[in-house]
Every structure is written in C-alpha cells, then in structure tokens.
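Chains A and B, in that order, are what the protein sequence lines are.
Quick note on numbering: the first sequence equals residues 287 to 436 in our numbering.
Quick note on numbering: the second sequence equals residues 30 to 177 in our numbering.
Any given hint could turn out to be false.
Claimed, not checked - Covered, in the sense of this in silico footprint (three residues per stretch, anywhere, with C-beta under 8 Å from a C-beta of chain A), are these stretches of chain B:
1. 91 to 98
2. 141 to 155
What the hints assert, rightly or not - To list a few chain A residues with every Cβ distance to chain B over 12 Å, as calculated:
3. Ser-291
4. Gly-344
5. Val-345
6. Thr-397
Source of the hints: derived by calculation from the structure; they are not laboratory data.
Heads up, the beta-carbon is just placed ideally off N, CA and C, and yes, glycines get one too.
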Amino acid sequence: MDTSSFIASLRERYLELSPHMSECGLEIAHLSTDSATLVLPSREDWLGDAESGRFNPGVITMLVDNTAGLAVIARAGRREPIATLDLRMDYLRPAFIGTPVSCRAQCIRMTRSIAFAHAVIWQDDEHTPIATAQGVFMRSGARQQQAAGA
Amino acid sequence: MNGSWNEARRAARADGDYQALVERIPYARFLGIRATRHDGGLRTCLPFRESLVGNPRRRAWHGGVTAAFMENTALLQLLLQLDEDRMPKSIDFAIDYLLPGRPDDLHADCTVSRLGSRVAQAMIRCWQSDPGRPIAIARGHFLLSSSA
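Taking the hints into account, I'd like the entire structure generated from these sequences.
The structure is reproduced here in structure tokens:
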C-alpha cells in the first residue's frame, strides 16, 4: 500500500476502530505523514464543574493521547500496534465549554522501537494554545516485524 | 454555588459518601467513576465497559481514559482533603504507563505530596487486581483557589 492510500484508509478507519473515540464524537480535521489534527466537539459531559464552565483536564488528555497516537501511526506508514509509554500535559489556559477543542500532533522522531510526539491544543486560535503536550510511544510491533524479516 | 462543594464535602467526610463529590463533576460522572472510603482515605474505581476500550483487538483500556481517571482521582482527593470552594486548576500532569490495562476495573488512590498556600503536588497510582502492581503512575500540580 503506498503512502497516500495508507493515509486515506487510516483516515477512514482510525476513529471507528476505537469505541471510545466514536463515543466522544472525535473527528479528523487533518492527516498526513507529518501531522494529525483531531477535533473534540464541545459537550456538557466534558465539564469539570458546573459553575466555572471549564473543560475537565482529563478529557483534554484523552484527546491528546488519541491525536499523538494517530500522528505516530501515520508517520510509521503502516498500521502497527503502539503503546503509550508516557504523556505529559501543560495546561496553559482554561478551556471553556461552548467551543470545540482541536489538537495537532507531530511525531518529531521515530526510531525502530520508540516514537516521540509533540502536541498543541487550542480552541479559537492555534497560536493561543490552551495546552501543550509531549508523549512517548513504544512501537510494539517493531520486534515481531524484525523477527519476521520486515 | 460554593456552598454545594462544602455540602458535598461534609457528606463525604461525615458519612463517607464520597460519591457526592463525583456527582458534582460532570466528566467524572460521564466516565462512571465511583469513589469510596477505604482505610479512612479516598479510593476510586472505574468499572470496565466496552465503550472505554481503546483497542478492540486487545480489548485494552484506552490510555487517555486511564489518564483522565487518574487526573480526576487527584481532583477528588484535593476537594476532599482541602477546604477549596472551587475546583482546583490543573497546571500540569504527567503519566507513566507500566502495564497494559486488561478488560477489568481500574482502581486508584492519590497522595498529596506537597501542599503550599498556592500549589499542591499530587501523586496518583492506578492498578487492577493488585495495588502493589500498578499499571500506571502519575503526578500533577494544581493551583488552589486561595491564590486566584
């Protein structure tokens, strides 16, 4: 499968593969071998508390894990199992319910076993992020592929 | 509205009704977090359900959901332990995944390691069958309301 048809099929199938991503209404706004952008719709369910109108931080972390994972698979150029080793969030500004949240992730370095990703999260303006994040993923399939001579 | 946090906290402290705090956090309620008193402290549980699966082939927990569960465990611990009149604000959060999450319930507890006048640091541990064998550990900093 060449790169563009892999990206097209990944774009079509990534979200439906995960029950939780479908349940949350995530959408892929952009996908290429360089980066992935997912959009999380605003829902009352994502509130941290009723008074402030802010997003709960956990739902932002969930969005980042998905987006960074997608960016890593897109960069790998084939569907392979990956596992999150760690994830680190910096919450720069509050996010308020009423506007969707977007996350753009890039895999900035990929080795045979490990992938490093950076992510930016925003509501109205990508240049005024509500959070930034870094994640490290293990390419669990690397060893088997190596053994199989891939 | 501040009175409601106090009311929920009072129910939690006096009667061990920790669920009263969860009910005031819409996203924690959406996930299905349960909070109980265990050995005098807070313990949370996230019952397994298919819609929280990240990878259907392995039926593994969604890593982002595990993180969200742990982050909310820290918020619940702070709301219970301190006399905050609003939700503490997350400053940062970092999680290390140690083992894959099997299709079984998640459990977590939290220790506040540093409590300053403005910032609290919390450590969270998440496990499945054995508290001594965590599947993930996490830490976070939170801004307290006294420091607005």
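Decide, holds or violated, for the assertion that all CB atoms of chain B are farther than 12 Å from the CB of A/Thr-397. Nearest chain B Cβ is 18 Å from A/Thr-397, so the label holds.
Item to complete: Against chain B, does A/Ser-291 hold up as non-interface, every C-beta pair farther apart than 12 Å?
Response: Holds, since 22 Å exceeds 12 Å.
Checklist entry - Taking the minimum C-beta separation from A/Gly-344 to chain B, is that value above 12 Å? => result Violated, because the least Cβ-Cβ distance between A/Gly-344 and chain B comes to about 3 Å, which does not exceed 12 Å.
- Are three or more residues of the stretch 141 to 155 of chain B within 8 Å, CB to CB, of chain A? violated (count 0)
Report task. Over 12 Å to the closest beta carbon of chain B is the bar; see if A/Val-345 clears it. Result -> violated, 6 Å
**Study point:** Coverage of the stretch 91 to 98 of chain B by chain A (three or more Cβ within 8 Å)
**Key:** holds (count 7)
Consistency with the previously given hints fails for numbers 2, 4 and 5, ordered from lowest to highest.
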